[in-house]
Amino acid sequence: MHPHLHTKDNTGCEEVMVALEECHARGFMWKAIGMCTSQKDNLTKCLKAERFKNQTANRNEVQSRKDRVRQLWKEIDETS
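First residue of the sequence shown? That's 130 in the numbering used here, and the numbers climb one at a time after it.
Simulated from the structure, these hints should not be mistaken for laboratory data. From a predicted model like this one, the values you see are computed outputs, not experimental measurements. All C-beta atoms, glycine included, are put in the ideal place defined by N, C-alpha and C.
List of simulated lysine-lysine pairs, BS3-like, C-alpha gap at most 25 Å:
1. 160 / 177
2. 182 / 137
3. 137 / 169
4. 195 / 182
5. 160 / 174
6. 137 / 177
7. 174 / 137
8. 182 / 169
Pair ranges (Cβ atoms, derived):
9. 144 / 181: 17 to 23 Å
10. 203 / 163: 55 to 61 Å
11. 193 / 141: 20 to 26 Å
12. 157 / 136: 23 to 29 Å
Put together the whole structure using the sequences plus the hints.
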């Protein structure tokens with residue numbers, strides 16, 4: 130299924146995770162006949178959105194670090 134759902138990175142999907150867990154708690158037959166499919170789909174969409182948000186933040190952070198290093202090297206080259 131999904132990797133470690135209850136982590137600090139997935140706090141935006143807490144309500145969806147709880148809904149899926151409540152559906153699964155109803156029993157095996159409830160899951161087996163597909164009654165939890167919509168909750169699982171909602172969780173997948175939510176986790177995908179959270180992952181995209183995290184990737185965007187990480188990408189921006191890396192770009193700012195690279196810009197800073199380039200600027201430092203430019204200053205070093207100019208003073209040398």
